[in-house]
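Q: Sequence:
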Amino acid sequence: MADETWVVTMPKLGETVTEGTIGSWLKNVGDTVEFDDPLFEVSTDKVDSEIPSPYDGVILEIMVQAGETVPVGTEVVRIGAPGSTPGAAPAAPADSADSAPAAETAAEAPVAGEQADGQSGMAEGAGVVHDLTMPKLGETVTEGTIGSWLKNEGDTIEFDDPLFEVSTDKVDSEIPSPYDGVLLQILVQAGETVPVGTVVARIGEPGATPSGSGAVAPVEVSGASAQPAAAAESGATPGAEAGKNYSPIVRRLAAENGIDLSTVTGTGAGGRIRREDIQAAIENRPARGGAPAPTKPSAPAATAAPAAAAPAAAPAAAMGPQTGVPAVPGVPDDRDEIKPLSKMRLAIAAGMVQSLQISPQVWTSIEVDYENVEIARQKHKDAYKKATGASLSYMTFVARALGEALLKYPAVNSSIDVPNKTQTFHPYVNLGIAVDLNEQGLVVPVVRNADQLNLKGIGIQIKEQASKARDGKLGMDDYKGSTFTITNVGPFQSYASAPIINQPNVGILCTDGVARKPVAIGNTIAIHSVGIIGLVYDHRAFDGATASKFLLDLRDILQNRDWDAELGS
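Under the working numbering, residues 1 to 569 are what the sequence shown spells out, in order.
Derived by calculation from the structure, the hints in this document are not laboratory data.
With a straight-line cut-off of 25 Å between C-alpha atoms, the simulated DSS-like cross-links for lysine-lysine are:
1. Lys468 - Lys386
2. Lys473 - Lys456
3. Lys456 - Lys480
4. Lys463 - Lys473
5. Lys421 - Lys408
6. Lys463 - Lys381
7. Lys456 - Lys385
8. Lys468 - Lys381
9. Lys385 - Lys473
10. Lys379 - Lys463
11. Lys381 - Lys517
Have a look at the derived ranges for each label pair, beta carbon to beta carbon:
12. Asp260 - Tyr428: 41 to 51 Å
13. Asn284 - Thr18: 50 to 60 Å
14. Gly83 - Leu150: 35 to 45 Å
15. Pro162 - Tyr428: 29 to 39 Å
16. Pro410 - Asn284: 49 to 59 Å
17. Val489 - Gly154: 43 to 53 Å
All values derive from a computational prediction rather than experimental measurement.
We put the CB at the ideal spot given by N, CA and C, even for glycine.
All chains should be built: construct the whole structure from the sequences, respecting the hints.
A: Set out below in structure tokens:
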């Protein structure tokens, strides 16, 4: 293993980009790197990008120095397996599935290499052949399921063309091609689940033609051999006992629909149960009373970003009825309409249950007199809308106040890792904003460095992130890295709400409805705008005293800040 090496090439960072310039190296020869560590910066005529490492290992050789410009595909750095020593002779590429490198994201440029000599059944005149791997679509995601292929073998594809769909326990994503060329081989079929980093397809240079053999022979490409899909699925090998390893989608569908997996015949490799097998079992099972169960196709699920509070997949038993127990209680009624849950709803269900299993969640709340905010809103809302394009909502003021209050209470803006006995305190506020997708589900894009934004800045960012989320225009990175989350149901006139924590945050704030009410002002009664803000927190990270003090500080900022001065600036 220590002799294994991989080569990283100059990535293609745009459809018409043919070369790139190394801006700077972020690692040196001899440095240890982990998957996704920033490796080097690239400048092109279109974009400046930080390129992450596709492997765990050690920097053995830097082949292109900072400031040099080279064509796309040029070898720029050689990485050895963990424990390697710089200066050692490069080893031959690995040829076993066990030595596959750490996860490599398909949307980033995977390492390209030449097709091995003497390999038939791959491509005629393929030249350089690129491996496409199962991407890592979240920090805790370890496997993905091919939802569908959007291209066929032999199709000509261009950079950024939608290539295939991936379903994980957190997100459904459409994966674009990182290359121009021809789809030579599909190695993992729709419905199959494989670990992150597994080679799922191969793309040849433009003009290449598949051989038509359809063989899935291991072909050495870029220092790591592809492995047959059946052997890569979630650690299952041809000798594994059937029925002992199921994908997240299979587990979820079976649990939600009361399907006993021991009664399902798998049609996947080695008898593996696929999503289609569960769907067929759902459609073909007899309804109560002996008639076929009424089923209708569900609407196509939106390409979903990570749902609120969606960590690793929840155990199937916790997400629905136990196997064999009817999913719908009571007496069946012909007026009922049964629809399969969307992928997004299933992901949210798993995430919510898992969040409750992970952390003991406590709710506390406080009443806020928004009159000071309301006066400023009425005075400046038109000018604010004209300047920013965003509405001057109560949530904007709360988000602005949160940026300040969270830094005063580091525990509320932290992450906790009890198994490793650590707590990470974040000296910045990356604010997750829960966004409703037309009642089909929730996603949580992130406003980064919210503590550094004024009312106008944070209002613009919230509007832009929410709009892009609803239009499906955000990438996976836009949903990563929140340190705290806010959800706003106030426009629907809720009174007091207790949302579920968005892991790995330790707190989530809900802004509820604001209404005109009588309040005591000294010895007099006045009519003010009043509402409840509620905090749900992870009791492992801090206690009730901290939660209450945090809410008091947040309330005082909202009630006493000179908002007129900030909006007038």
